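We have chain A already, so just place chain B on it with the hints.
The listed protein sequences derive, respectively, from chains A and B.
In terms of UniProt numbering, the first sequence opens at residue 1 and continues consecutively.
In terms of UniProt numbering, the second sequence opens at residue 1 and continues consecutively.
Note that these hints are calculated values from the structure, not bench results.
One or more of the hints may lead you astray.
Unchecked claim - Covered stretches of chain B, as calculated for chain A (at least 3 residues, CB under 8 Å):
1) 177–186
2) 202–210
3) 221–229
4) 250–257
5) 270–278
6) 295–303
Claimed, not checked - If you only want the chain A side, here are some residues facing chain B, beta carbon under 7 Å, derived:
7) Thr212
8) Arg213
9) Glu301
As the list claims (entries may be wrong) - Computed spacing ranges between beta-carbons, pair by pair:
10) Arg218(B) with Ala72(A): 44 to 50 Å
11) Asp283(B) with Ala252(A): 44 to 50 Å
12) Gly209(B) with Asp129(A): 16 to 22 Å
13) Gly249(A) with Asp61(B): 44 to 50 Å
Please read all numbers here as calculations on a predicted model, not as lab measurements.
Ideal Cβ placement from N, Cα and C applies to all residues, glycine included.
Protein chains: 2
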Amino acid sequence: MRDVCVVGLGLIGGSVARAARAAGREVWGATASPADAEAARGDGVEVSDLAAALDRAARSDALVVVAVPLPAVEEVLRAVPAGTRVTDVVSVKGPVADLVRRVAPGVRYVGGHPMAGTSASGWAAGRADLFRDAAWVVALDDDASPDLLLDVIALALDTGAHVVPTTSAEHDAAVARISHLPHLLAAVLASVGADGGALALSLAAGSFGDGTRVAGTRPELVRAMCEGNRTALLDAVDDALGRLGAARGSLASTGGLAKTIDAGHAARGSLDAIRSSTGTPFDLDLTAPDALERLRALGREGGRVTSLEGATLRARTS
Amino acid sequence: MRDVCVVGLGLIGGSVARAARAAGREVWGATASPADAEAARGDGVEVSDLAAALDRAARSDALVVVAVPLPAVEEVLRAVPAGTRVTDVVSVKGPVADLVRRVAPGVRYVGGHPMAGTSASGWAAGRADLFRDAAWVVALDDDASPDLLLDVIALALDTGAHVVPTTSAEHDAAVARISHLPHLLAAVLASVGADGGALALSLAAGSFGDGTRVAGTRPELVRAMCEGNRTALLDAVDDALGRLGAARGSLASTGGLAKTIDAGHAARGSLDAIRSSTGTPFDLDLTAPDALERLRALGREGGRVTSLEGATLRARTS
Numbered sequence: 001m002r003d004v005c006v007v008g009l010g011l012i013g014g015s016v017a018r019a020a021r022a023a024g025r026e027v028w029g030a031t032a033s034p035a036d037a038e039a040a041r042g043d044g045v046e047v048s049d050l051a052a053a054l055d056r057a058a059r060s061d062a063l064v065v066v067a068v069p070l071p072a073v074e075e076v077l078r079a080v081p082a083g084t085r086v087t088d089v090v091s092v093k094g095p096v097a098d099l100v101r102r103v104a105p106g107v108r109y110v111g112g113h114p115m116a117g118t119s120a121s122g123w124a125a126g127r128a129d130l131f132r133d134a135a136w137v138v139a140l141d142d143d144a145s146p147d148l149l150l151d152v153i154a155l156a157l158d159t160g161a162h163v164v165p166t167t168s169a170e171h172d173a174a175v176a177r178i179s180h181l182p183h184l185l186a187a188v189l190a191s192v193g194a195d196g197g198a199l200a201l202s203l204a205a206g207s208f209g210d211g212t213r214v215a216g217t218r219p220e221l222v223r224a225m226c227e228g229n230r231t232a233l234l235d236a237v238d239d240a241l242g243r244l245g246a247a248r249g250s251l252a253s254t255g256g257l258a259k260t261i262d263a264g265h266a267a268r269g270s271l272d273a274i275r276s277s278t279g280t281p282f283d284l285d286l287t288a289p290d291a292l293e294r295l296r297a298l299g300r301e302g303g304r305v306t307s308l309e310g311a312t313l314r315a316r317t318s
Numbered sequence: 001m002r003d004v005c006v007v008g009l010g011l012i013g014g015s016v017a018r019a020a021r022a023a024g025r026e027v028w029g030a031t032a033s034p035a036d037a038e039a040a041r042g043d044g045v046e047v048s049d050l051a052a053a054l055d056r057a058a059r060s061d062a063l064v065v066v067a068v069p070l071p072a073v074e075e076v077l078r079a080v081p082a083g084t085r086v087t088d089v090v091s092v093k094g095p096v097a098d099l100v101r102r103v104a105p106g107v108r109y110v111g112g113h114p115m116a117g118t119s120a121s122g123w124a125a126g127r128a129d130l131f132r133d134a135a136w137v138v139a140l141d142d143d144a145s146p147d148l149l150l151d152v153i154a155l156a157l158d159t160g161a162h163v164v165p166t167t168s169a170e171h172d173a174a175v176a177r178i179s180h181l182p183h184l185l186a187a188v189l190a191s192v193g194a195d196g197g198a199l200a201l202s203l204a205a206g207s208f209g210d211g212t213r214v215a216g217t218r219p220e221l222v223r224a225m226c227e228g229n230r231t232a233l234l235d236a237v238d239d240a241l242g243r244l245g246a247a248r249g250s251l252a253s254t255g256g257l258a259k260t261i262d263a264g265h266a267a268r269g270s271l272d273a274i275r276s277s278t279g280t281p282f283d284l285d286l287t288a289p290d291a292l293e294r295l296r297a298l299g300r301e302g303g304r305v306t307s308l309e310g311a312t313l314r315a316r317t318s
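With the rest of the complex left out, here is chain A:
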């Protein structure tokens, strides 16, 4: 089991560190936050400055997990020695991959994104079981080395997560639709409701409460997430504008909303179906020549990797 150096010891980084240690790995870290450093040390994790932590990683051929917010990633990458094994847990993958190519082309990199979190932040909010049964996206871009890929998959599985293999571009397009657009629509809906004044808000029941819940998330987190995925989010917003505009046109002209409502009902049915499905298990040899292509296809079809033995992945379809 490879050692792990976690850079950024907030909610996600702190949970990765705890989970990796609980799985029996050697773990150390660095953070720009004195409070997180002190809290992590209090929980027995060795914390040093960035240069020292990365130097130790280079010497022990450890896996460096970049767990800082997107705006801070570039500075961290500039400090990583060439040849180091690097992954990250940032919520957008294309922009991080671009940064690696631009400022740290000598590192070995495979990106990741564990789909878990809470509204709290900081080391103290982290938990060793935060990722249990969650999806952990691993970005299988064309330049991903199979060797490092295995490292990243093994770490994700060690935390209790399931691995969803895909590419950076497909990941960013997907999360724009199922995470960033929902946050934007929740904000829009909350504002339209509040425009109706106290009467409207006092009558609001389940549909408005559910539809606006994530508008209560800290605005700076939502902005960072949405703005960081600008290109893919624009596509998703255009899709939503087109569908809402078509509904408006139909309501104004014929008075009917069947197409919009029926399509939405069928789509929600697809979500429920994929959530209740247990899938079909199968094995996948990571050393096979078409392994990357097969993994990408698995992710595209909603499947997951659930465990690993040697270089053999145990997966299940959606």
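The following block gives chain B in isolation, referenced to the frame of chain A:
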């Protein structure tokens, strides 16, 4: 306590009948559904054909509660003798008030809308406590007689609901924003997510699940609700299109979403504030010359009527 004749014995009508009976009132009804008729009789409620039920209501000066879907309201109204006291529990108020003026101008009418429900339907799904602590909108239009107003408020309070006094127009505008638009946006969001394929749906977590929950509601119910409130819903959709379009423009031009996200966060804060507020109690004399105006102002400000003694309403601000 005035007798109650409920026309339509589905989820809402059946719950009104049960709650009115539990409050000690004489209750009978009529329904076009043989299954609901049989089930209601099985629970000890006298069910006859529409003409006989309405005739008994006229003879005993009872309050008739129209609890059929909007498309069936006109036929019921045509059968009601002039002079009868009538209210309704349909989810849209302007179109029902228009129907009354057009086809039953001789009845005494004050509209209502209890804001409660479940995804189930039919007499068997009803409960005597369905309306407990729910908002029951009472429409104080200019032609509402204070005498009948008291009847409708008393019935709503008897079921355990709180009365939100407002006008038909203000009610329809409010529910377009906090109920009908949320259903439409949920349908749009579900479709945009499903457009992302199995990968997107397999990565969907809380924000997408919450934002699409009501897209799982039976499409015919959602259509009836949204299409029946066409004019007000168009205004709400235009507001949403304007706000989403502005967000799109800002994201494309400057890359920033601060205005949209911050406004949504503040709006959701307003909802949380109104929900956690306990308000200030005060009394309101329904025989005062400005009672109607004061009641409408109370509803506009998010307040509720919580009980009744004689002609004195006990209310609370938002």
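Here's how the hints hold up against the structure:
1. Here the segment 177–186 of chain B counts 9 residues with a CB under 8 Å from a CB of chain A, which clears the bar of 3, and the coverage holds.
2. Residues of the segment 202–210 of chain B with a Cβ under 8 Å from some Cβ of chain A number 9, which satisfies the need for three, so the listed coverage holds.
3. Remark: the segment 221–229 of chain B is confirmed as covered by chain A, as 4 of its residues place a Cβ nearer than 8 Å to a Cβ of that chain, reaching the required three.
4. Restraint check on the segment 250–257 of chain B versus chain A: 5 residues with Cβ-Cβ distances below 8 Å, three needed, restraint holds.
5. Given a C-beta distance limit of less than 8 Å, the hint that chain A covers the segment 270–278 of chain B holds, as 4 residues qualify and 3 suffice.
6. With 5 residues bearing a CB less than 8 Å from a CB of chain A, the segment 295–303 of chain B meets the requirement of three and the coverage assertion stands.
7. This hint holds: threonine 212(A) has a C-beta 5 Å from the nearest C-beta of chain B, less than the 7 Å allowed.
8. Hint on arginine 213(A) holds. Least Cβ distance to chain B is approximately 5 Å, under the 7 Å limit.
9. At a threshold of 7 Å, the smallest CB-CB gap from glutamate 301(A) to chain B is about 5 Å, leaving the interface hint in force.
10. A hinted range of 44 to 50 Å for the beta carbons of arginine 218(B) and alanine 72(A) is consistent with their spacing of about 48 Å.
11. Taken as a hint, the range 44 to 50 Å holds for the pair aspartate 283(B) and alanine 252(A), whose Cβ atoms sit roughly 45 Å apart.
12. The hinted window of 16 to 22 Å between glycine 209(B) and aspartate 129(A) holds, with their beta carbons roughly 21 Å apart.
13. Judged by the Cβ atoms, the range 44 to 50 Å given for glycine 249(A) and aspartate 61(B) holds: they are separated by roughly 48 Å.
Consistency note: the structure conflicts with none of the earlier hints.
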